[in-house]
Amino acid sequence: MEFSIERAALLKAVAQAQSVVERRNTIPILANVLIEAEGDQVSFRATDLDIEVVDQAPAKVTRAGATTVSALTFHEIVRKLPDGSLVTISDDGASGRMAVEAGRSSFSLATLPKEDFPVMASSEYEANFAAPAPVLRRLFDKSKFAISTEETRYYLNGVYMHVSDADGQQVLRCVATDGHRLARIDAELPEGAAEMPGVIVPRKTVGELRKLLEDDEAQIAVSVSETKVRFATPGITLTSKVIDGTFPDYSRVIPSGNTRRLEVDAAEFAQAVDRVATVSSERSRAVKLALDEDRLVLSVNAPDSGAAEEELAVAYPDEPLEIGFNAKYLLEIASQVDRENAVFLFNSSGDPTLMREGNDDSAVYVVMPMRV
Amino acid sequence: MPALCRDCLSTFDTGPRCPECGRPRVIEHPELFDLSIAHMDCDAFYASVEKRDDPSLRDKPVIIGGGKRGVVSTACYIARIRGVTSAMPMFQALKLCPDAVVVKGRMSAYVDASRAIRVMMDDLTPVVEPLSLDEAFMDLTGTARLHHAPPAVMLAGLVKRMEDELGLSGSIGLSHNKFLAKVASDLDKPRGFSIIGKAETAAFLREKPVRLIWGIGPQAQISLEKVGIRTFSDLLRWEKQDLVARFGGMGERLYHLARGEDRRRVSSRTPVKSISNETTFFEDTADTDLLDGHIWRLSENVSDRAKAKGKAGRTVTLKVKRANHRILTRQSSLDEATQIADKIYRTARALLEQVSNEGPFRLIGVGISHLEGADEGEAGGDLLDPQARTRAEAERASDKIRERFGSDAIIKGRALR
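Protein sequences appear in the order of chains A and B. The opening position of the first sequence corresponds to residue 1 in the numbering used here, with each subsequent residue numbered one higher. The opening position of the second sequence corresponds to residue 1 in the numbering used here, with each subsequent residue numbered one higher.
Excised from the complex, chain A in its bound form:
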């Protein structure tokens, strides 16, 4: 194998591959990236056995072939090479070494046989559709903060992507929850997605997927089966197993009868919450919201360290209410609001509260209150 490639293109491709590789690895081959050169393309493939990413880059291939080297070391080398350099990579298949040359630098990296590299089995996808990158970005960005990290509730360790109904319209929906808060984000159903089985996309896959979605103009090819999901741009293909579990029936969690309505500027609200929470050193800081006729008083009372209070002018026409929340949860949902005011709908101080942006039901959040 021998090819030459521009450093910037190489770095981009290798960076994506190495981020999939697990840092602590007991199986040596999984620390490696599989490099395959053929025609005028080079592909870089990495896997942790649950996720596989294949990154393709144009290159001048002088001798086709394939080998594997440590993804981490290779990435570090490419990262440290001067910008604009032309990198030549070659492997004679016999010495067990791959040579990397750029300008006056040359490296020789240990290889492992390409035959040992586990390539993810291809599967039959039940639905194939295309979605614009900004649509997927919104679906996952606005829901991922609510993903649970409790290993014993593995079925919550991802975003549940499925087809659902909203006001008689079919939508593509992403839901995530850890039992304390929940995010439900809807988007227009792309053509060809109606047959898609609901899948739980694991947290790590959501993180890797995000890197494919930077380009506003890009169309992402999405393929879904019961066990796998694939996202592809022309250069990168990300294939992932989905979580083998049943996502709980979230619909009964979303309150529909909450009538007390608070409308507040989200940024102002978030800043105030952040300020009053400063006095508490606990990790789960409780913020109390006291509502009374267009007035909101936020307060924190931490017996060991201090107390804080802040008043905000808001729109609240209903009878007085006092309710407490984890400050971190309030900040996270408030930061999802980017266009209009945040609208909170309360029932009582012990019931789940709903938050949305203006009257837009395509993104709703539910938070469980705390006792204060």
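Since the hints were made in silico from the structure, they are not lab data. Note that this is a predicted model, so its numbers are computed, not measured. Every residue gets a Cβ at the ideal spot worked out from N, C-alpha and C, and that includes glycine. Hints may be right or wrong, so weigh each one.
Below 35 Å or equal to it, Euclidean Cα-Cα: the simulated DSBU-like pairs (lysine-lysine) are [said to hold, decoys possible]:
1) B/104 - B/309
2) B/311 - A/328
3) B/307 - A/144
4) B/307 - A/328
5) A/288 - A/328
6) A/204 - B/321
7) A/288 - B/311
8) A/204 - B/273
9) B/226 - B/104
10) B/321 - A/241
11) B/311 - A/144
12) B/60 - A/328
13) B/208 - B/60
14) B/412 - B/311
15) B/307 - A/288
16) A/288 - B/208
17) B/311 - A/204
18) A/114 - A/12
19) B/400 - A/328
20) B/309 - A/288
21) B/104 - B/160
22) A/328 - B/273
23) B/309 - B/160
24) B/273 - A/144
25) B/400 - A/288
To give an idea of the chain A side of the interface with chain B (calculated C-beta under 10 Å), a few residues [said to hold, decoys possible]:
26) 120
27) 121
28) 179
29) 299
30) 347
A short, non-exhaustive set of chain B residues, derived as facing chain A with CB atoms under 8 Å [unchecked claim]:
31) 278
32) 328
33) 332
34) 333
35) 347
36) 355
37) 358
38) 381
39) 383
40) 384
The hints should help you fit chain B onto chain A, whose structure is shown.
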């Protein structure tokens, strides 16, 4: 030389008997009224509590420990004379002392006794650092003007009060730092009161073996012996940098301890890192119902202790020991820290599923770690498990009942499995 009577607490100037009460339990030492760092260690604590609560055991050898498979956790002094030591396997202890009465520990009674002692120690100084239920460091520096008596008198008063009011005896070590105070409390057990003064420190340590140092176990002893270090005088021959080069951070500590120097402060706020509890079975078991009952009882115990300390944990750990003594642990982090027995139990129960085909087991343990403060306002409730909050509230309510009417006043059915 200053002297003190341990029976009537009067102080006087040297003599074999107390001039006040005529009894011979006299301590005298040139630095008696100058030293203020103390270590109190109860004498055969668990066994003493048992003997106090059941006078028929008074003159019998008593061993506290679990079943025929467990190990000795405490042996009374009668059993110790026969060679029984703590951590000895039970079968071996019974071979040495076949007439011993083996008592399964009553942790709650020990906790109660420990709390009562703690209250007495708190009367002496705010700086109490408990090491376990039955021993603690105390720093009485600067308390003489408050008590109108030097630390030695107050400490003699403490053990006297423990005997009079609680029927439990303890030994005191008094010195000028923690290391030596702990060494001293062990010199004259039971009912001891030993002093290591500044002037005699070097002479006292010189020919003592280094295993006297708390934390130097059999492994460390072997590596020290390899370089010819057996006693403190061997240590004194080493330069500091050589000790550090060879033993790292421990080397630095050894260098100072060899000179009787220990700068660690008595700290009443030693952070607790984890809370756990485990139990060894009479027979290996893979019976899920039985394991389930154990997990509940262990979770409840861990939860009780977390609640008592005002702590909540963000990680739940399940530990099992297989028949071949191999230990397996599984843990799960939680999205919100908990101190609720129900949540700890449910998480540990889910972890058991992960190892259930590794059974049978001889031991099971449950613990929480990554502790943080738990305020009363905790329990955010669970959207997906609407009953969770109700169960947590029921648990808090039954805690109150148990607090008032005793720990057996209300229990869960699954605790009986």
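Results for each hint:
1. Between residue 104 of chain B and residue 309 of chain B the CA atoms are separated by roughly 25 Å; this keeps the pair inside 35 Å, and the hint holds.
2. Taking the CA atoms of residue 311 of chain B and residue 328 of chain A, the gap is about 20 Å. The hint holds against a cut of 35 Å.
3. Taking the CA atoms of residue 307 of chain B and residue 144 of chain A, the gap is about 33 Å. The hint holds against a cut of 35 Å.
4. The hinted pair formed by residue 307 of chain B and residue 328 of chain A meets the criterion: a straight-line CA distance of about 24 Å does not exceed 35 Å.
5. A C-alpha spacing of about 13 Å is found between residue 288 of chain A and residue 328 of chain A, which places the hinted pair at or below 35 Å, so the restraint holds.
6. As the CA atoms of residue 204 of chain A and residue 321 of chain B are separated by approximately 32 Å, the hinted pair is consistent with the 35 Å bound.
7. With a CA separation close to 22 Å, the supplied pair residue 288 of chain A and residue 311 of chain B stays within the 35 Å bound.
8. In summary, the hint linking residue 204 of chain A to residue 273 of chain B is supported, as the alpha carbons are separated by about 29 Å, within the 35 Å threshold.
9. Restraint check for residue 226 of chain B and residue 104 of chain B: not satisfied, since their Cα atoms lie roughly 41 Å apart, outside the 35 Å limit.
10. The hinted pair formed by residue 321 of chain B and residue 241 of chain A meets the criterion: a straight-line CA distance of about 33 Å does not exceed 35 Å.
11. For the suggested pair residue 311 of chain B and residue 144 of chain A, the alpha carbons sit about 29 Å apart, so the restraint of at most 35 Å is met.
12. The suggested pairing of residue 60 of chain B with residue 328 of chain A is violated, with an alpha-carbon distance near 60 Å, which exceeds 35 Å.
13. The hinted pair formed by residue 208 of chain B and residue 60 of chain B meets the criterion: a straight-line CA distance of about 34 Å does not exceed 35 Å.
14. As the CA atoms of residue 412 of chain B and residue 311 of chain B are separated by approximately 23 Å, the hinted pair is consistent with the 35 Å bound.
15. A threshold of 35 Å between alpha carbons decides the hint, and for residue 307 of chain B with residue 288 of chain A the separation of about 24 Å falls inside it, so the pair holds.
16. As the CA atoms of residue 288 of chain A and residue 208 of chain B are separated by approximately 61 Å, the hinted pair breaks the 35 Å bound.
17. Between residue 311 of chain B and residue 204 of chain A the CA atoms are separated by roughly 31 Å; this keeps the pair inside 35 Å, and the hint holds.
18. With a C-alpha separation of about 22 Å, the suggested pairing of residue 114 of chain A with residue 12 of chain A holds against the 35 Å cut-off.
19. A C-alpha spacing of about 31 Å is found between residue 400 of chain B and residue 328 of chain A, which places the hinted pair at or below 35 Å, so the restraint holds.
20. This hinted pair checks out: residue 309 of chain B and residue 288 of chain A have alpha carbons roughly 25 Å apart, not beyond 35 Å.
21. Restraint check for residue 104 of chain B and residue 160 of chain B: satisfied, since their Cα atoms lie roughly 28 Å apart, inside the 35 Å limit.
22. Between the alpha carbons of residue 328 of chain A and residue 273 of chain B the distance comes to roughly 24 Å, so the proposed pair stays at or under 35 Å and holds.
23. Pair hint residue 309 of chain B plus residue 160 of chain B holds up; C-alpha atoms about 29 Å apart against a cutoff of 35 Å.
24. Note on residue 273 of chain B and residue 144 of chain A: the hinted pairing holds, with a Cα-Cα distance of about 31 Å set against a maximum of 35 Å.
25. Between residue 400 of chain B and residue 288 of chain A the alpha-carbon distance is near 26 Å, which keeps this suggested pair within the 35 Å criterion.
26. Hint status for residue 120 of chain A: violated, given a least beta-carbon distance of 25 Å to chain B, over 10 Å.
27. With its C-beta approaching chain B no nearer than about 26 Å, residue 121 of chain A sits outside the 10 Å limit, and its interface hint is violated.
28. Restraint check, residue 179 of chain A versus chain B: the minimum CB separation of about 4 Å is within 10 Å; hint holds.
29. Violation of the interface hint for residue 299 of chain A is found here, the shortest Cβ-Cβ separation to chain B being roughly 13 Å, above the 10 Å cut-off.
30. At its closest, the beta carbon of residue 347 of chain A sits 13 Å from a beta carbon of chain B; the interface hint therefore is violated under the 10 Å criterion.
31. At about 20 Å, the closest approach between the beta carbon of residue 278 of chain B and any beta carbon in chain A exceeds 8 Å, and the interface hint on this residue is violated.
32. Among the interface hints, the one on residue 328 of chain B is violated; its C-beta lies about 15 Å from the nearest C-beta in chain A, farther than the 8 Å criterion.
33. Interface restraint check for residue 332 of chain B: the shortest CB-CB distance to chain A comes to about 4 Å, inside 8 Å, so the restraint holds.
34. A hinted interface residue such as residue 333 of chain B counts as satisfied when its beta carbon comes closer than 8 Å to some beta carbon of chain A; here the least separation is about 6 Å, so the hint holds.
35. Hint status for residue 347 of chain B relative to chain A: holds, with the closest Cβ pair at about 5 Å, below 8 Å.
36. Here the hint on residue 355 of chain B is broken, as its CB sits about 13 Å from the closest CB of chain A, past 8 Å.
37. At its closest, the beta carbon of residue 358 of chain B sits 17 Å from a beta carbon of chain A; the interface hint therefore is violated under the 8 Å criterion.
38. Evaluation of the residue 381 of chain B hint against chain A yields a held restraint, the C-beta minimum of about 5 Å falling below 8 Å.
39. Taking 8 Å as the C-beta contact cut-off toward chain A, the hint placing residue 383 of chain B at the interface holds, the least distance being around 5 Å.
40. Contact between residue 384 of chain B and chain A, as hinted, is supported at the beta carbon level, the nearest pair being about 5 Å apart and thus within 8 Å.
Checked against the numbered hints given earlier, the structure breaks hints 9, 12, 16, 26, 27, 29, 30, 31, 32, 36, 37 and satisfies all the rest.
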